[in-house]
Structures are given as C-alpha cells and as structure tokens.
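**Student:** Here is how the chains run, residue by residue.
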Amino acid sequence: MIEFVNVSKQFRDGKWWGQKKTIQAVRQVSLQIKAGTCFALVGESGSGKSTLGNLLIGLEKPDQGQVLFQDINLHEAGPEQRQRLRRDMQIVFQDPYSAVNPRMKIKDVIAEPMRVHLEYSAGEIKERVKQLLEEVGLSEDAGEQYSHQFSGGQLQRVTIARAISIRPKVIILDEVINSLDVLVQVSIMKLLKHLQRNLNLTYLFICHDLHAVKLFADEVAVLDKGEIVDYTNDVTRFDQLKHPASRRLIEAELPIVTQASEVHKQTDEEYVVTKGLYVS
Amino acid sequence: MLEVNHLSVYVQQGTSEKLVVDDISFLVPKGKVVGIVGESGSGKSMICSTILQLFDDGRRVSGEIRFKGEQLLTKSKKDLRSVRGKEIAFIMQNPMSMFNPMLTTGEHFVETLQAHSAISRKEAKIKGIEQLARYKLPGDRVWNKYPHELSGGMLQRIMIAIAVCHQPSLLIADEPTTALDTVTQLLILDELQAYQHNSGASMLVVSHDLGVISRLADELIVMRHGMMVEYGPASSVLADPRHPYTQALLAVKEKNRSLDELVDSCEGTITEPLVEWKPGYWVRQ
Chain U
1 MIEFVNVSKQ FRDGKWWGQK KTIQAVRQVS LQIKAGTCFA LVGESGSGKS TLGNLLIGLE
61 KPDQGQVLFQ DINLHEAGPE QRQRLRRDMQ IVFQDPYSAV NPRMKIKDVI AEPMRVHLEY
121 SAGEIKERVK QLLEEVGLSE DAGEQYSHQF SGGQLQRVTI ARAISIRPKV IILDEVINSL
181 DVLVQVSIMK LLKHLQRNLN LTYLFICHDL HAVKLFADEV AVLDKGEIVD YTNDVTRFDQ
241 LKHPASRRLI EAELPIVTQA SEVHKQTDEE YVVTKGLYVS
Chain P
1 MLEVNHLSVY VQQGTSEKLV VDDISFLVPK GKVVGIVGES GSGKSMICST ILQLFDDGRR
61 VSGEIRFKGE QLLTKSKKDL RSVRGKEIAF IMQNPMSMFN PMLTTGEHFV ETLQAHSAIS
121 RKEAKIKGIE QLARYKLPGD RVWNKYPHEL SGGMLQRIMI AIAVCHQPSL LIADEPTTAL
181 DTVTQLLILD ELQAYQHNSG ASMLVVSHDL GVISRLADEL IVMRHGMMVE YGPASSVLAD
241 PRHPYTQALL AVKEKNRSLD ELVDSCEGTI TEPLVEWKPG YWVRQ
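Taken in order, these protein sequences are the chains called U and P. The first sequence maps to residues 1 to 280 in this note's numbering. The second sequence maps to residues 1 to 285 in this note's numbering.
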C-alpha cells in the first residue's frame, strides 16, 4: 500500500553566513507498509523518523527516491490527484495543544477537513461531528468548548476524531502517546486499535518507546542516523534486533526494578557514567 | 533530613479555593531516595515547588515542612535564598525553558557559584569546567554556548551539573527526564544516581513513569487527586501493590501483556482512609 524506494532527504543547517552544513536526515530508506497493518518506526531523537512521516504526508519532498502510495508516486502526482491522495492520509502529532487552533471551537476543529475535502451540507457536518465525538469517547457538548478546556488525553481524542473525519486509509501517528500519562496512553492506544479494526486503517506509528510498540504495532523498523538498521515483523521478539542502536533502545526501556539497590550493585564504589553520547 | 507534616495546598481559582494537595505527610531520610508517582494534576509537582516556595501569591499552604529540623514555611525570603540552590537543589522538567535564553552556559554557572560563595569569575570558570568534565561534558566547548545551541539532553545534564555544584544535601528532581527521549533518559538517570550514590545526598524524585521511579527510589509514594494512596518501601510496593491504581500502573509495564488486558482508567473518588497496613507501609483500602 505504501512504499518508500531509496528515499533520501537532506536538510541545510540554518546558518545565515559562514560554513553551510548539510544534515542527512534520511538515507536510502526503503520500506513497505501493507494495508490494514501498523508499522512502527523507532529511533532516538534526530534519527529521522518524523522526517519519514513528513515525507509520506507531503510536508517534505525527498531529494532522491520515491514515495509510493497505492502505486502512485506522491511527489510527481498532479495537483488534483494529490488532493485526492491527501484525503486518504492524515496525521496526528505529539502535542495536541499546538495542533489545534486555540480560537476554534472543537466542533469546527473536527469539521475543518470535511469542509476542505468533502462537499457536505451544514446539517450533514453537524451530524457527522456528533457521531465522531461519540466514536472517540467524548460527550456531545465537548464540541462547544475550546482546546484549553481539555486535558492532553482528551484533546488527543479530538485530533484523532479530526483525522478520521474524512475516512482516510492511512494515519501517521507521530509520537501521539508520548506526552500523556501512563493510563491515558493505554486508553488512547485502545481507541486507536478499535478504530483500526472498524475502519480498516493503516498506521505508521512513530515512537521511541519500545514498550508501546510491543503493545500496539505489527512490524517495527529501527532508524539510526537516517538509516534503517534493523527490522522485525514479530514485535514480541525484540531479541532478534541486534544492531547497537536497537540494543540502546531496548536497554533504555526501563522495566520496573523491584530493588533499587539492584542497579547500584552493577557498579563498584565509584559510580561512573561511561556512555558519552553527546561527546562528538 | 526532610520532614513533611500534614501538608495541604490550596490554589486560588477565581473566587473559590481548590484543594490540590490534601494532607500529605512523608519523610526523606538522609541518604535515601523517595519517589513520588502519579498522573498529571495529582499534586506531585505542587509538593516540590511548595518545599522551596517557588510560587507567588495565590496559594495557601497549611502544615509544616522541616529541613534539618528547621521550619521552611515560616522562613523569610532572605533566609530561603541561602537554602535554595545551596542546601536544596531543584532540577526541573523542561530544561529548554528553565535556562535564560540570553545567557550562556558559563554565565549560568558563574551566577550560581557566586550566589553562595565569594569566588571570582575566573575561579568560577575553572570550577565550572571541572564540574562539567565530571559529567562527561566538553566544558570548554559548551561554556560559551547559548541554550538554543544545545540539545535537550545536553541541557538537562548541564542543569544537573549546575544544580549539584554546591554539593546540596537534598536534590529535588521534578520529572527530570520526561522531556527527553528514552536513550537520553537512561543517561540522565544514571547521572542522578551516580551523584546520589557518591555524595550520599537525599533525593526526592517525581515522575509519572514507574520505570523511572523504581530505578531510583528506596521509598515510594503513589498519588492521586492530591492524596496519597500508597506509601511504603519501594520494593514492597512494587512487588505487591495494594491499591488498584498502583496495580494498573504496574500492569502497563509488565511484559507479555496484551493491550486488551490492561486497565485504562481508575475512576472514582477516594474515600478510604489512609491506614498503616504494615509497619512503614500506608495504603488506602
């Protein structure tokens, strides 16, 4: 359904004078996402996972390679074809407060994609907003409120309602649960799973938390410095991931340690931090 | 070291007052780490900022906070200044917004060092770079950098280096790793642990992530709606939690659980009294 073929993307470092540096954000990435599945992209910050999401949705253009959606090259399609393709793809971001216009009522936030893409009458839109609010587990009067009146988890439900309002085929979930409380994360993941089953959605799940990936995704690829360095289609078997970047993520998973002293024991008298990740 | 007795905090909301911290009592013994875990709005950060009184008007506080036997809440502003940053250090959640964007790392360092000791700028610089090196940071390279030129993880490490430069005997860390990605998070936790372990300081850590807390804490407080629902030795709380909320939090972190099995909310008001279930282990049930 979605295919990245040898995609590369460079950014120029934003200096106005002096030496210009280029940053290779994505390097020769090829991957395929099957319809109806959830494909997870994991990696440290700066590994290029969000750039891949932006390339898919069309916020960025690749320097090399192709992004195919239903066998059509997204970045060579004409304007009309592109608008149709854009309707099939939606994105949900990490921080819902910056993704929602604070001056719009929630009902208008949810209705906006329908106004852009579909020719619904005012009555139809009203009816549909009501239905969508119910679908994501919000009450009907939530539509009359503004974004600041919501908690992070509730507002993330709003952005999900907005994303599914025009019945897309693909949703890009860019760190959607990472800023939420633990139990709210679970409830959002449950909602997304439920919607996936009902609406036959395909997800690109961008995340840095392998534990969430294990609960939520079908396949996972690990990105490091813009390259895919590891892949598995069995998320219950992370031991198959051998690359150092994957090991780093797995080690950072922070399981519950029942004895705090267990951690101390691993070291001798002087506890020294050896991993100088930032010393370049 | 730190003793909090029957602390309640009310926040002014319009014409009414809202109770955000409801009768909390706990103890941070010398050389121990106490962890507070709870969701957003449970009052955990309120406790931290109340200890150092990092707020303007609009809050009413009752109860008492004792640090090394001295009452903190009745101290004058001048006396408090000699405690803040020297005896008690504070590490906050978002390093990006905690640094002054107009000052370089070095200027932050000098400011902190000069606040509590008579030291010249030159000496402060030598001391600062030494301190940065201790945290595996290239001191001479970051010294003249502004906050926007550094990554979040790097800033958080600098914040820790600055916070501990006066060898505080109590370190308060309010969500020290929440704004960072998981790999950096581990690094920061290692560093906090290293400091605590090597200096024998006490620490109060706040997080919504039980994984973070369990790594550091000797004692654990679980909070909900401004109230303590469970308080005891971390090993017993984590091995056999009594309160349904703690159980739900722990289940999320367990291996081999499917999404459908997990509880996603723990609603209802708390009416049960806090009782001592075992010696040193309180729970509402």
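Just so you know, the hints here were simulated from the structure itself, not pulled from any lab data. Heads up, a few of these hints could be off.
Keeping only pairs whose Cα atoms sit at most 25 Å apart, straight-line, the calculated DSS-like set for lysine-lysine is [as the list claims (entries may be wrong)]: (1) Lys225/U <-> Lys86/P; (2) Lys190/U <-> Lys86/P; (3) Lys253/P <-> Lys190/U; (4) Lys86/P <-> Lys136/P; (5) Lys193/U <-> Lys86/P; (6) Lys214/U <-> Lys169/U.
Pulled a few chain P residues facing chain U out of the computed Cβ check, cut under 10 Å [unchecked claim]: (7) Gly41; (8) Leu180; (9) Val263.
In this text, a Cβ means the ideal position worked out from N, Cα and C, and glycines have one as well.
**Student:** Now look at each hint and say whether the structure bears it out.
**Tutor:** Verification of the supplied hints:
1. Lys225/U <-> Lys86/P: The given pair, whose Cα atoms are some 40 Å apart, is violated under the 25 Å limit.
2. Lys190/U <-> Lys86/P: violated, 46 Å
3. Lys253/P <-> Lys190/U: holds, 16 Å
4. Lys86/P <-> Lys136/P: holds, 23 Å
5. Lys193/U <-> Lys86/P: violated, 50 Å
6. Lys214/U <-> Lys169/U: holds, 23 Å
7. Gly41: Where the cut-off is 10 Å and the nearest Cβ of chain U is about 8 Å from Gly41/P, the hint holds.
8. Leu180: Check passed: Cβ of Leu180/P comes within 8 Å of chain U, closer than 10 Å.
9. Val263: Since chain U brings a Cβ to about 7 Å from Val263/P, closer than 10 Å, the hint holds.
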